[in-house]
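J.: Going down the list, the sequences are from chains A and B. Take the first sequence: its letter number 10 is residue 10 in full-length UniProt numbering, and every next letter is one higher. Take the second sequence: its letter number 347 is residue 347 in full-length UniProt numbering, and every next letter is one higher.
Incorrect hints may have been included.
Pairs of lysine-lysine residues, derived as DSS-like cross-links and limited to a Cα-Cα distance of at most 30 Å, are as follows [unchecked claim]:
{"#": "1", "chain 1": "A", "residue 1": "LYS44", "chain 2": "B", "residue 2": "LYS184"}
{"#": "2", "chain 1": "A", "residue 1": "LYS82", "chain 2": "A", "residue 2": "LYS103"}
{"#": "3", "chain 1": "B", "residue 1": "LYS6", "chain 2": "B", "residue 2": "LYS318"}
{"#": "4", "chain 1": "A", "residue 1": "LYS7", "chain 2": "B", "residue 2": "LYS395"}
{"#": "5", "chain 1": "B", "residue 1": "LYS315", "chain 2": "B", "residue 2": "LYS404"}
{"#": "6", "chain 1": "B", "residue 1": "LYS404", "chain 2": "A", "residue 2": "LYS44"}
{"#": "7", "chain 1": "A", "residue 1": "LYS7", "chain 2": "B", "residue 2": "LYS404"}
{"#": "8", "chain 1": "B", "residue 1": "LYS300", "chain 2": "B", "residue 2": "LYS18"}
{"#": "9", "chain 1": "B", "residue 1": "LYS241", "chain 2": "B", "residue 2": "LYS77"}
{"#": "10", "chain 1": "B", "residue 1": "LYS18", "chain 2": "A", "residue 2": "LYS103"}
{"#": "11", "chain 1": "A", "residue 1": "LYS7", "chain 2": "B", "residue 2": "LYS318"}
{"#": "12", "chain 1": "B", "residue 1": "LYS241", "chain 2": "B", "residue 2": "LYS159"}
{"#": "13", "chain 1": "B", "residue 1": "LYS159", "chain 2": "A", "residue 2": "LYS7"}
{"#": "14", "chain 1": "B", "residue 1": "LYS41", "chain 2": "B", "residue 2": "LYS3"}
{"#": "15", "chain 1": "B", "residue 1": "LYS241", "chain 2": "B", "residue 2": "LYS184"}
{"#": "16", "chain 1": "B", "residue 1": "LYS6", "chain 2": "A", "residue 2": "LYS7"}
{"#": "17", "chain 1": "A", "residue 1": "LYS112", "chain 2": "A", "residue 2": "LYS82"}
{"#": "18", "chain 1": "B", "residue 1": "LYS404", "chain 2": "B", "residue 2": "LYS18"}
{"#": "19", "chain 1": "A", "residue 1": "LYS107", "chain 2": "A", "residue 2": "LYS84"}
{"#": "20", "chain 1": "B", "residue 1": "LYS3", "chain 2": "A", "residue 2": "LYS7"}
{"#": "21", "chain 1": "A", "residue 1": "LYS107", "chain 2": "A", "residue 2": "LYS82"}
{"#": "22", "chain 1": "A", "residue 1": "LYS7", "chain 2": "A", "residue 2": "LYS86"}
{"#": "23", "chain 1": "B", "residue 1": "LYS158", "chain 2": "B", "residue 2": "LYS240"}
{"#": "24", "chain 1": "B", "residue 1": "LYS18", "chain 2": "B", "residue 2": "LYS3"}
{"#": "25", "chain 1": "B", "residue 1": "LYS404", "chain 2": "B", "residue 2": "LYS300"}
{"#": "26", "chain 1": "B", "residue 1": "LYS160", "chain 2": "B", "residue 2": "LYS140"}
Simulated restraints, written as ranges between beta carbons of each label pair [stated by the list, open to error]:
{"#": "27", "chain 1": "B", "residue 1": "THR32", "chain 2": "A", "residue 2": "SER106", "range": "38 to 44 Å"}
{"#": "28", "chain 1": "B", "residue 1": "THR323", "chain 2": "A", "residue 2": "ASN20", "range": "22 to 28 Å"}
{"#": "29", "chain 1": "B", "residue 1": "THR32", "chain 2": "A", "residue 2": "MET124", "range": "21 to 27 Å"}
These are calculated hints, taken from the structure and not from any lab test. All C-beta atoms in this analysis are idealised placements derived from N, C-alpha and C, irrespective of residue type, glycine included.
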Amino acid sequence: MSLDRLKSLYREVILENANNPQNHGSLADADYQTTVYNSSCGDKLNLFLNLNDQNEISAIKFNGEGCTISQASASLMTQVVKGKNKDEAIEIAKIFSKMAMGKDCSKDEIAKLGDAQIMTNIMMFPARIKCATLAWWALERILLGKDEDEEND
Amino acid sequence: MDKNIKQIRDNFPILKRKINDSPLIYLDNAATAQIPVSVSKKMMHFDETYRANVHRGVHTLGMWATKYYESVREKVKDFIHAKSEREIVFTSGCTDSLNLVANTYGEQNIQAGDEIVVSIMEHHSNLLPWQQLAMRKHAKLKFIELDQEQKLDLADAKKKITPKTKIIAVAQVSNVLGCINPIKELAQLAHQNNAVIVVDGAQAIGHFDVNVQELEADFYAFSGHKMFGPDGIGVLYGRKKLLEKMPPYRLGGEMIANVTREGATWAPVPQKFEAGTPNIEGAIGLEGAIDFIEHVGLDKLRQYEQDLIDYVFPKIQKIAGLTFYGPQNISERSSVISFNMQGIHPHDLATALDLEGIEVRAGHHCAQPLMETLGVESTVRASFAIYNTQEEADKFLSALVVIKEFFQNELR
Numbered sequence: 001m002s003l004d005r006l007k008s009l010y011r012e013v014i015l016e017n018a019n020n021p022q023n024h025g026s027l028a029d030a031d032y033q034t035t036v037y038n039s040s041c042g043d044k045l046n047l048f049l050n051l052n053d054q055n056e057i058s059a060i061k062f063n064g065e066g067c068t069i070s071q072a073s074a075s076l077m078t079q080v081v082k083g084k085n086k087d088e089a090i091e092i093a094k095i096f097s098k099m100a101m102g103k104d105c106s107k108d109e110i111a112k113l114g115d116a117q118i119m120t121n122i123m124m125f126p127a128r129i130k131c132a133t134l135a136w137w138a139l140e141r142i143l144l145g146k147d148e149d150e151e152n153d
Numbered sequence: 001m002d003k004n005i006k007q008i009r010d011n012f013p014i015l016k017r018k019i020n021d022s023p024l025i026y027l028d029n030a031a032t033a034q035i036p037v038s039v040s041k042k043m044m045h046f047d048e049t050y051r052a053n054v055h056r057g058v059h060t061l062g063m064w065a066t067k068y069y070e071s072v073r074e075k076v077k078d079f080i081h082a083k084s085e086r087e088i089v090f091t092s093g094c095t096d097s098l099n100l101v102a103n104t105y106g107e108q109n110i111q112a113g114d115e116i117v118v119s120i121m122e123h124h125s126n127l128l129p130w131q132q133l134a135m136r137k138h139a140k141l142k143f144i145e146l147d148q149e150q151k152l153d154l155a156d157a158k159k160k161i162t163p164k165t166k167i168i169a170v171a172q173v174s175n176v177l178g179c180i181n182p183i184k185e186l187a188q189l190a191h192q193n194n195a196v197i198v199v200d201g202a203q204a205i206g207h208f209d210v211n212v213q214e215l216e217a218d219f220y221a222f223s224g225h226k227m228f229g230p231d232g233i234g235v236l237y238g239r240k241k242l243l244e245k246m247p248p249y250r251l252g253g254e255m256i257a258n259v260t261r262e263g264a265t266w267a268p269v270p271q272k273f274e275a276g277t278p279n280i281e282g283a284i285g286l287e288g289a290i291d292f293i294e295h296v297g298l299d300k301l302r303q304y305e306q307d308l309i310d311y312v313f314p315k316i317q318k319i320a321g322l323t324f325y326g327p328q329n330i331s332e333r334s335s336v337i338s339f340n341m342q343g344i345h346p347h348d349l350a351t352a353l354d355l356e357g358i359e360v361r362a363g364h365h366c367a368q369p370l371m372e373t374l375g376v377e378s379t380v381r382a383s384f385a386i387y388n389t390q391e392e393a394d395k396f397l398s399a400l401v402v403i404k405e406f407f408q409n410e411l412r
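Make a model of the complete structure from these sequences and hints.
T.: Right, dumping it as structure tokens:
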């Protein structure tokens, strides 16, 4: 078997982030906390988040069970939004969702994703989009105050 | 490749296609088996020649359609060795069949304080109807656990099944562990305690001969799509005496004897349980699937799958870092292999295989309580069928080795 295809999905950055995830762990006194599930595989992801007086994400951590794609995506997401203003983070999360839904994004929009741009690659692998969006979905749920019971897929 | 197997493969056009530029190697047969062209043709022939509603009206076409549809019931009866075709209820699938029993027999017979016994390995479709029934009725749901070999613990079953037990619901073959459960022993335990046994046959049917009388099953449920038939058609076998006492499941056309302003009486079984226009075309496809299986021969089918597992299992066990679930003794297994690769999430492994055209299942297999018992979130599952070959198995095995190397050595 050739490794080319494997390498095109599991880029170094993705493997690196999955193996050494950034912002991994939990926040003891988190202002916000949510748990989301990937119902197709039973994976779960906990996201913890603090906002400071300026409404900036001052701390963000995640933990849970997940595949390479979901762990890498969570690691990249937390790095991209940490320090960002709430509205800005919502905007970025929406760009990511838009991309995940296969809608065209402008160059400026893609640029706002920062290092998480690498995840655009996942869109070539539709079966794994859900894994990539899990962490972003958790972020949106916290920042937009979505209902706990809302369907998460 | 065996000449006979080549002939069988030629009957499955999908096996000629490529997935991600590689020839399809379909190892997700436990989820859905592929459909032979003989089945598709049979359904098309029905649509082009006999299509009409059944059990309604007096026209010739309708009578033909009814005769054809009812002949499939007869065929299913023979296929599972039931006593009477009136014990064969057509449903939309195994899930529908199991829900039917829970919502009629269960609803009628379970009272507060009664016990319902299931095994811990049940698919959600043979767990949730009983769990929710138990909750509604304030009955107790008990689980038969696994033994040390990760198969059903018969000794535990003997402890869990008591005179308070009213229903036992167990799969004949686990969709995860691949173990073949001792249905006859469980049925006898049930009957000694005046309980009934409901068997989920989804993973058994089409893999070996199923004899509902020999098994002493009271109810037996299965789907067409796991036995080379179409989706949306399934069967509930039930002992006639039990079916006759049960209330109807769904209400509507063709399940009545008489309707007045004030009330209604029900049609005899099995029509009582077949409200509305049934999946007639699906039933015709099911006949095609039985024809296909009988043409190959159930003994040959079982032997071929067994030989394939005999070939694969010792080889896959040699790959370091894999954990297997279910009994290690091959003779106690069906053609399902569930496993995990150390340090690699099942999703990643399944994707890597998919990139080579090898389709396996990764996930909790709709058996989350079993996953919890096994101490995992999910597993990879490869499931083999009559059209899979040793060559395909070899490609699967070598891909596993390469993928393992990639994930373990690429960056660490």
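J.: The structure should be examined with respect to each hint, and the outcome stated for every one.
T.: Outcome of the hint check:
Distance restraint check for A:LYS44 and B:LYS184: the Cα-Cα separation of roughly 39 Å exceeds the 30 Å cut-off, and the hinted pair is therefore not satisfied. As the CA atoms of A:LYS82 and A:LYS103 are separated by approximately 25 Å, the hinted pair is consistent with the 30 Å bound. Restraint check for B:LYS6 and B:LYS318: the C-alpha separation of about 29 Å stays at or below 30 Å, so the hint holds. Proximity of A:LYS7 to B:LYS395 is assessed by CA-CA distance (about 19 Å); at most 30 Å being required, the pair is judged to hold.
The straight-line distance between the Cα atoms of B:LYS315 and B:LYS404 is roughly 15 Å, inside the 30 Å bound, and the hint therefore holds. Taking the CA atoms of B:LYS404 and A:LYS44, the gap is near 24 Å; set against the 30 Å cutoff, the hint holds. Straight-line distance between C-alpha atoms of A:LYS7 and B:LYS404 comes to about 13 Å, which keeps the hinted pair within the 30 Å bound. Between the alpha carbons of B:LYS300 and B:LYS18 the distance comes to roughly 28 Å, so the proposed pair stays at or under 30 Å and holds.
Pair hint B:LYS241 plus B:LYS77 holds up; C-alpha atoms about 16 Å apart against a cutoff of 30 Å. Restraint check for B:LYS18 and A:LYS103: satisfied, since their Cα atoms lie roughly 27 Å apart, inside the 30 Å limit. Restraint check for A:LYS7 and B:LYS318: satisfied, since their Cα atoms lie roughly 26 Å apart, inside the 30 Å limit. At roughly 28 Å between alpha-carbon atoms, B:LYS241 and B:LYS159 fall within 30 Å of each other, so this suggested pair holds.
A threshold of 30 Å between alpha carbons decides the hint, and for B:LYS159 with A:LYS7 the separation of about 53 Å lies outside it, so the pair is violated. With a C-alpha separation of about 23 Å, the suggested pairing of B:LYS41 with B:LYS3 holds against the 30 Å cut-off. Restraint check: the Cα-Cα separation between B:LYS241 and B:LYS184 comes to about 20 Å, which is no more than 30 Å; the hinted pair holds. Distance hint between B:LYS6 and A:LYS7 is unfulfilled; the C-alpha atoms sit about 34 Å from each other, more than 30 Å.
Of the supplied pair hints, the one linking A:LYS112 and A:LYS82 holds, its CA atoms being roughly 13 Å apart against a limit of 30 Å. For the hint pairing B:LYS404 with B:LYS18, the CA-to-CA distance comes to about 24 Å; that is within 30 Å, so the pair holds. Our distance criterion of 30 Å between C-alpha atoms is met by A:LYS107 and A:LYS84, whose separation comes to about 20 Å. For the suggested pair B:LYS3 and A:LYS7, the alpha carbons sit about 38 Å apart, so the restraint of at most 30 Å is broken.
This hinted pair checks out: A:LYS107 and A:LYS82 have alpha carbons roughly 22 Å apart, not beyond 30 Å. Restraint check: the Cα-Cα separation between A:LYS7 and A:LYS86 comes to about 34 Å, which exceeds 30 Å; the hinted pair is violated. In summary, the hint linking B:LYS158 to B:LYS240 is supported, as the alpha carbons are separated by about 27 Å, within the 30 Å threshold. Restraint check: the Cα-Cα separation between B:LYS18 and B:LYS3 comes to about 22 Å, which is no more than 30 Å; the hinted pair holds.
Our distance criterion of 30 Å between C-alpha atoms is broken by B:LYS404 and B:LYS300, whose separation comes to about 35 Å. Among the hinted pairs, B:LYS160 with B:LYS140 is consistent with the structure: their alpha-carbon atoms are about 11 Å apart, no more than 30 Å. Taking 38 to 44 Å as the suggested C-beta distance range, the pair B:THR32 and A:SER106 conforms, at roughly 41 Å. Between B:THR323 and A:ASN20 the beta carbons are some 24 Å apart, a value that agrees with the proposed interval 22 to 28 Å.
Taking 21 to 27 Å as the suggested C-beta distance range, the pair B:THR32 and A:MET124 conforms, at roughly 25 Å.
The structure shown violates the earlier hints numbered 1, 13, 16, 20, 22 and 25.
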